[in-house]
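**Q** Read off the chains here:
Protein chains: 2
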Amino acid sequence: MRISELSAKSRVAIPTIKYYLREGMLHQGEQTAATRAEYDETHLRRLRMIRALLEVGRLSVASIKQVIAAVEDESLPTHRVLGTAHYALSPAVDPEQTEEWRSARALVDDLITELGWDITEEAPTRDELAQTIVRMRQLGLSVDLAPYVEAARRLVAEVEMDAIPFDGPRDAAVEAMVLGTVLYGRVLDTLRRMAHESESARRLTP
Amino acid sequence: MRISELSAKSRVAIPTIKYYLREGMLHQGEQTAATRAEYDETHLRRLRMIRALLEVGRLSVASIKQVIAAVEDESLPTHRVLGTAHYALSPAVDPEQTEEWRSARALVDDLITELGWDITEEAPTRDELAQTIVRMRQLGLSVDLAPYVEAARRLVAEVEMDAIPFDGPRDAAVEAMVLGTVLYGRVLDTLRRMAHESESARRLTP
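First to last, the protein sequences are chains A and B.
Counting from 1, position 138 in the first sequence corresponds to residue 138 in the working numbering; the numbering is continuous, with no gaps.
Residues are numbered in the working numbering as their position in the second sequence, beginning at 1, plus a constant of 206.
Everything labelled a hint here was simulated from the structure, so no lab data went into it.
Note that this is a predicted model, so its numbers are computed, not measured.
Keep in mind that the hints are not guaranteed to be accurate.
What the hints assert, rightly or not - Restraint ranges, calculated between C-beta atoms of paired labels, are given here: (1) B:Arg308 to A:Asp167: 31 to 41 Å; (2) B:Thr238 to A:Gln97: 52 to 62 Å; (3) B:Thr319 to A:Ala13: 44 to 54 Å; (4) A:Gln28 to B:Thr248: 57 to 67 Å; (5) A:Leu115 to B:Pro221: 34 to 44 Å; (6) B:Arg286 to A:Thr35: 56 to 66 Å; (7) B:Asp300 to A:Ser60: 19 to 29 Å; (8) B:Arg228 to A:Gly140: 23 to 33 Å; (9) A:Tyr19 to B:Val267: 26 to 36 Å; (10) B:Asp300 to A:Lys9: 39 to 49 Å; (11) A:Gly140 to B:Ala363: 20 to 30 Å.
Cβ atoms here follow ideal geometry from the backbone N, Cα and C, with glycine treated the same way.
Turn these sequences into a full structure, and let the hints guide you.
**A** Set out below in structure tokens:
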């Protein structure tokens with residue numbers, strides 16, 4: 001298809017598509033004439049993935065570029081690629097040089113050890129969780145994480161991982177994992193806010 | 207305490223504190239001289255709340271202002287205040303005029319009816335979830351929401367709502383609900399990414 005049709009189908013404006021092409025976020029089409037290129041379903045799918053990560057995942061363009069680079073890097077073993085893509089989904093957090101921070105970070109490390117979870121020392125999720133715990137403690141919120149660990153473990157291990165095609169081509173597995181993490185994450189977050197509204201209506205209105 | 211001490215304890219810079227005072231996000235201190243005001247624990251707590259919503263919840267300053275206005279508005283019944291605060295936590299979504307959108311939105315409305323959830327027609331979470339479903343369908347992801355509904359329902363109804371002091375002052379209940387929604391939401395999201403890393407390591411490394 002021509003770029004105009006690709007734009008219509010993906011609902012991404014032509015100048016934006018050209019920007020993604022220049023930035024290497026979208027692979028080039030097949031050049032059929034000096035000023036004309038042909039695009040296919042792989043381009044449409046990539047645009048839909050970028051759009052979902054931007055709108056639903058609210059990732060920055062820089063993070064999406066990292067995710068795409070990880071999807072496309074064929075020199076790394078799959079687990080490393082998944083790691084790179086995953087780490088691009090985590091926000092950057094500046095560890096504080098405080099006792100509060102060290103205590104929260106130790107709680108996170110101990111939790112991971114107790115659970116027997118296989119998570120690298122460099123995983124940005126360790127600092128991300130520590131930061132949230134610091135804020136929760138400052139605000140007097142309970143840091144009993146057990147119900148959240150159980151919910152996350154069950155959803156990921158029993159539902160989401162089974163949907164990832166680990167035996168197919170590598171980029172399909174990485175793409176499925178990234179999209180699953182972001183989109184089901186948003187689903188869960190929205191449903192929690194819905195449940196909050198419903199429960200507080202039930203408890204507070206006569 | 208003086209503004210310098212408030213700044214040191216909250217780790218919020220003095221010009222930022224002055225900005226929050228000007229914007230009405232932080233209540234004025236007690237004026238003890240022409241150029242001197244005294245602050246207390248309520249100011250420190252408010253600054254910690256703003257910081258948590260900014261950093262952990264990644265809310266915009268505009269959304270935080272709406273949340274604070276809802277916390278402070280004494281003319282509304284609690285349930286309405288909770289609703290206003292809640293709706294400020296939802297991102298704005300533009301409904302698309304497409305068949306895909308209408309079908310996703312109908313799925314959301316049917317789900318809410320089936321669950322018997324008490325959610326207003328205007329709740330922005332309806333469009334937010336519809337948007338995610340449109341993207342999931344375009345990308346070929348399963349839209350079986352049942353495991354997510356169950357996880358959200360259980361966490362909110364059985365854990366989070368019990369931690370909210372509904373019988374205390376109204377602003378305390380609203381603040382607890384907003385902070386809980388945002389901070390436990392981040393905890394859950396981070397733990398899901400950790401579980402993903404651990405599970406893929408387990409399934410992919412020898």
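**Q** Each hint: holds or not?
**A** The hints, checked one at a time:
1. As the Cβ distance of arginine 308 of chain B to aspartate 167 of chain A is approximately 37 Å, the hint placing it in 31 to 41 Å holds.
2. At roughly 33 Å, the beta-carbon separation of threonine 238 of chain B and glutamine 97 of chain A lies outside the given 52 to 62 Å, and the hint is violated.
3. Checked against the hint of 44 to 54 Å, the pair threonine 319 of chain B and alanine 13 of chain A fails, with Cβ atoms roughly 37 Å apart.
4. Here the CB-CB span from glutamine 28 of chain A to threonine 248 of chain B is close to 59 Å, well matched to the stated 57 to 67 Å.
5. Distance hint check: the CB atoms of leucine 115 of chain A and proline 221 of chain B are about 43 Å apart, consistent with the given range 34 to 44 Å.
6. For arginine 286 of chain B paired with threonine 35 of chain A, a C-beta distance near 58 Å keeps the hint of 56 to 66 Å intact.
7. In this structure the supplied range 19 to 29 Å holds for aspartate 300 of chain B paired with serine 60 of chain A, their Cβ-Cβ distance being about 20 Å.
8. The given range of 23 to 33 Å is respected by arginine 228 of chain B and glycine 140 of chain A, whose C-beta atoms sit roughly 28 Å from each other.
9. Against the hinted window of 26 to 36 Å, the Cβ-Cβ separation of tyrosine 19 of chain A and valine 267 of chain B comes to about 28 Å, which satisfies the hint.
10. Here the CB-CB span from aspartate 300 of chain B to lysine 9 of chain A is close to 19 Å, at odds with the stated 39 to 49 Å.
11. Checked against the hint of 20 to 30 Å, the C-beta distance between glycine 140 of chain A and alanine 363 of chain B comes to roughly 22 Å, which is consistent with it.
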